[in-house]
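*Asks:* Below, each chain spelled out in residue letters.
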Amino acid sequence: MKAVDRRQFCKLLGGGVVVLITTKPSDLFAQQRRGYPEDLNAYLRIDESGHITVFSGKVEMGQGVITSQAQMAAEELGVGIDSITMVLGDTDQCPWDAGTWGSLTTRVFGPALRAAAAEARTVLMKLAAQQLGVPNEQLILTNGVISVAGDPSRKVTYGQLAKGKQITRLVDDKAVLRSVKEFKVMGQSPKPVDGREKVTGAAKFAGDIRLPGMLYARILRPPVHGATAQSIDVSKAKAIGGVTVVEEKDLVAVLHADPEIAAKALAAIKAEWTQPEAAFDTESVGDYFVTKVTDSEVRFTRGDIGAALTRVKQSAGSEGEPRLFEATYRSPYKAHAPIEPHTAVAEMKDGKLTVWAGTQSPFGTRDRLMAEFGMDEKSVRVITPYIGGGFGGKSPSGQAIEAARLARITGKPVMVAWTRAEEFFYDTFDPAAVVKIASAVGPEGKITLWDYHVYAAGDRAAEMFYDVPDVSTRTYMRRGTAEARIHPFAVGSWRAPGAGTNVFARESQLDIMAAAAGIDPLAFRLQNTSEARVRNTLEAAAKAYGWKAAAGPSGQGRGIAIGYDSGTYAAIVAQVSVDRSTGAVKVDRIVCSQDMGIVVNPNGARMQMEGCVAMGLGYVFSEEIDFNGGEIRSMDFASYEIPRFSWMPPIETVLVSNDELAPQGGGEPAIVPLGAAIANAVFDATGVRLYRLPMTRERVLAAMKSEEKQKAG
Amino acid sequence: MKRQIRFNVNGNPVSLNTEDDRTLLWVLRTDLELTGTKFGCGDGICGSCTVVVDGEAIRSCQTSLSQVQGKNVTTVEGLERDGKLHPLQQAFIDHGALQCGFCTSGMLMNAYVMLEKHKKPSRSKIVEEMDDHLCRCGAHQRIVAAIEDAATRTGGGK
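Protein chains in written order, with numbering that gives the first Met the number 0: chain A, 0 to 712; chain V, 0 to 157.
Honestly, the hints are just simulated from the structure, not real lab data.
Where hints are given, some of them may not hold.
Claimed, not checked - Listed below are the simulated DSS-like cross-link pairs for lysine-lysine, each with C-alpha atoms no more than 27 Å apart in a straight line: (1) V:LYS124 x A:LYS585; (2) A:LYS173 x A:LYS125; (3) A:LYS291 x A:LYS435; (4) A:LYS237 x V:LYS1; (5) A:LYS235 x V:LYS1; (6) V:LYS70 x V:LYS118; (7) A:LYS190 x V:LYS83; (8) A:LYS263 x V:LYS1; (9) V:LYS83 x A:LYS203.
With the sequences and hints as input, model every part of the structure.
*Replies:* Quick look at the structure:
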């Protein structure tokens with residue numbers, strides 16, 4: 000036997016068996032851990048009855064990860080999903096996590112969780128082999144019970160082996176993930192773990208937390224971003240019985256045990272403000288970016304775009320030479336608009352601060368609280384109840400800081416629940432953006448150059464997966480630069496931030512070139528890419544739709560587009576009808592295909608795809624923050640319309656089989672190609688191209704009128 | 000005005016000596032700790048706060064306590080009977096008709112009233128009746144399918 004290294008030591012197990020144990024992770028776990036803790040026990044605990052608690056720093060906000068993570072752990076442990084209870088987003092109990100965003104739960108935390116569970120299974124099997132006195136190969140694992148093949152009376156359970164204690168690693172663990180063929184729990188669509196709680200009203204969201212003596216706070220807000228208070232008079236608020244008034248330099252709040260009295264007290268405060276000048280508004284924002292912003296960065300380049308542009312411009316109009324197409328696309332500031340506004344409850348008790356917050360970032364919020372109050376990790380705990388929708392908007396969690404400050408000042412538990420107006424006002428909008436593209440297509444219908452400039456949206460999903468020899472992708476207003484901060488209010492990450500804008504621009508431009516070349520838009524895409532996953536995903540959507548090839552505009556009113564995001568390809572075929580007298584666009588049908596590698600929960604994946612499409616209809620047709628400088632005019636669901644039942648087409652989903660690839664992201668990809676697919680469908684129906692999101696009926700009507708005028712002129 | 004307000008919630012009598020202009024939503028959520036009814040917008044637009052008062056679906060954020068004096072109020076907590084889910088609740092689970100679950104209570108209560116009034120609503124009737132309820136996660140087509148299914152389960156399909 001080789002020398003025992005410092006990380007290995009002997010341990011006497013119950014029954015007198017001596018095993019050699021180690022703190023080293025298996026090769027599998029070491030590979031898959033990616034920054035998550037090395038200790039298996041950070042992820043799971045098995046109690047004496049065999050019930051398993053799985054801990055994850057990810058949060059549940061409707062994307063279904065409470066179920067899919069339980070499936071992954073159950074699969075690798077060899078138990079049913081009913082044996083598992085999930086604990087999510089509790090900083091005192093769960094392994095550290097950066098935050099729930101970017102469709103990362105399944106593709107990045109998932110491998111660590113699966114590897115931890117697989118290693119736990121390996122250890123438990125080895126212990127069982129020792130206790131039962133048979134080699135590993137003769138053991139059968141059925142739902143947490145390990146028995147001897149051919150003699151089921153000789154058995155031991157996970158509960159008996161683990162006894163609720165820490166699981167200790169054994170030397171020479173050879174943990175392996177179960178293969179797709181072996182899957183019993185992954186690849187299935189169990190009923191959502193949180194379904195029953197959510198249909199009975201039992202599910203707790205941050206606003207449902209009740210603590211003895213809790214006060215509801217309302218906070219004085221400026222009328223516009225950037226305003227400064229000239230005078231604040233709280234005397235009338237103070238006169239209301241039972242109201243606590245907090246007056247700090249940057250935080251004026253009123254608190255009461257009845258939230259409606261707190262609201263009345265807030266209304267009784269008289270404040271005067273000075274307001275800054277507006278630099279731009281809803282209409283001028285795009286031109287402002289393009290004229291004011293100079294700094295840029297080349298993010299991707301292939302070939303020589305400068306030489307290619309010169310060549311095509313010199314030969315412009317000549318027979319048999321590539322034709323150049325230049326276009327500008329725009330998208331507005333968009334709100335996340337979850338139905339649950341930002342809410343948090345904070346309590347200071349015995350030197351410990353506990354905050355229940357609807358946050359996508361429990362650990363980040365804990366770190367902010369620690370920094371704010373100079374407290375250590377042990378003294379601050381963030382607990383994340385269910386979240387009523389996030390979409391990227393609940394990564395910054397200012398309400399948690401506000402509640403904690405007020406709890407410390409008043410010495411009582413405090414709830415801060417933003418109103419709908421506050422939710423809009425303090426939202427971190429998806430930034431308005433401009434994309435300028437110059438591209439050329441040769442006489443054979445091959446794209447020859449692609450010069451891409453994007454302002455404010457970043458280059459997510461702007462990857463050029465078409466086979467173009469000369470490519471340049473240039474971003475303006477890069478994160479961290481002064482020019483990225485010219486927005487008059489906070490901006491942040493929306494669902495697949497920037498990706499919908501980039502794909503709207505790219506896939507619209509593809510269609511423009513296809514139409515000019517007289518080629519069917521699907522055929523044009525296929526003849527310009529050799530990437531197998533792109534082709535498979537496009538073909539899957541087209542097949543399910545029953546695509547009939549024809550150059551646009553064909554009058555069929557169908558459009559296609561494809562996007563890549565979070566490791567996943569998603570293609571959409573949209574079918575629309577356009578009312579030429581009003582400009583109203585009705586989406587009659589959506590077919591969405593997706594290659595996301597191994598699918599953990601097919602029904603859950605389809606729900607996310609449908610959700611992307613349903614939510615996405617908002618950015619396509621209505622969602623646009625109306626503003627003038629720091630003044631937000633869209634402050635409710637009447638002025639900021641989100642999709643309704645009557646907007647919904649039948650949404651069909653197709654999962655493209657790709658079990659060779661590990662599971663990829665599913666929460667965001669399908670929202671990405673929707674705008675382009677619908678814009679392309681509108682073009683196919685009418686011959687009119689829309690370059691600006693949202694495609695409101697006024698804009699569609701104006702575009703049709705201007706087209707008619709051009710034709711007449 | 001402070002006075003005695005009496006009404007039934009989920010079959011249980013409630014008596015409160017309080018201001019009668021208080022909003023039903025907040026009385027449910029604070030005094031009665033029935034937190035299944037949600038605050039989504041406070042403007043009566045989103046529908047998350049929908050409860051049933053004497054057989055009608057109403058927006059509890061737009062309803063004062065004086066308006067429910069002597070009436071029967073049903074909230075999402077009152078749908079389950081003797082540990083058995085209402086067919087609508089079961090259908091919502093079976094069809095995956097919810098994601099974050101925040102709009103769900105309001106959806107269920109509105110659908111409950113619809114099915115009381117229309118035993119077998121057409122798909123277009125369901126869409127029309129649900130159109131003033133907002134869902135941001137995009138569970139719409141599954142909600143419609145769940146309501147159709149529940150209509151069948153409650154006998155409307157026969």
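*Asks:* Each hint needs a verdict: does it hold in this structure or not?
*Replies:* Checked hints:
1. Annotation: proposed proximity of LYS124 of chain V to LYS585 of chain A holds, straight-line Cα distance about 18 Å (limit 27 Å).
2. With a C-alpha separation of about 10 Å, the suggested pairing of LYS173 of chain A with LYS125 of chain A holds against the 27 Å cut-off.
3. For a cut-off of 27 Å, the pair hint linking LYS291 of chain A to LYS435 of chain A stands: about 15 Å separates their Cα positions.
4. This hinted pair checks out: LYS237 of chain A and LYS1 of chain V have alpha carbons roughly 21 Å apart, not beyond 27 Å.
5. Proposed proximity of LYS235 of chain A and LYS1 of chain V is supported: the alpha carbons are some 21 Å apart, at most 27 Å.
6. Between LYS70 of chain V and LYS118 of chain V the CA atoms are separated by roughly 24 Å; this keeps the pair inside 27 Å, and the hint holds.
7. About 17 Å separates the Cα atoms of LYS190 of chain A and LYS83 of chain V, which keeps this hinted pair within 27 Å; it holds.
8. Under the criterion of a C-alpha separation no larger than 27 Å, the hint pairing LYS263 of chain A with LYS1 of chain V is consistent with the structure, at around 17 Å.
9. Simply put, LYS83 of chain V and LYS203 of chain A have alpha-carbon atoms about 20 Å apart, close enough for the 27 Å limit, and the pair holds.
Violated hints: none; the structure is consistent with every hint.
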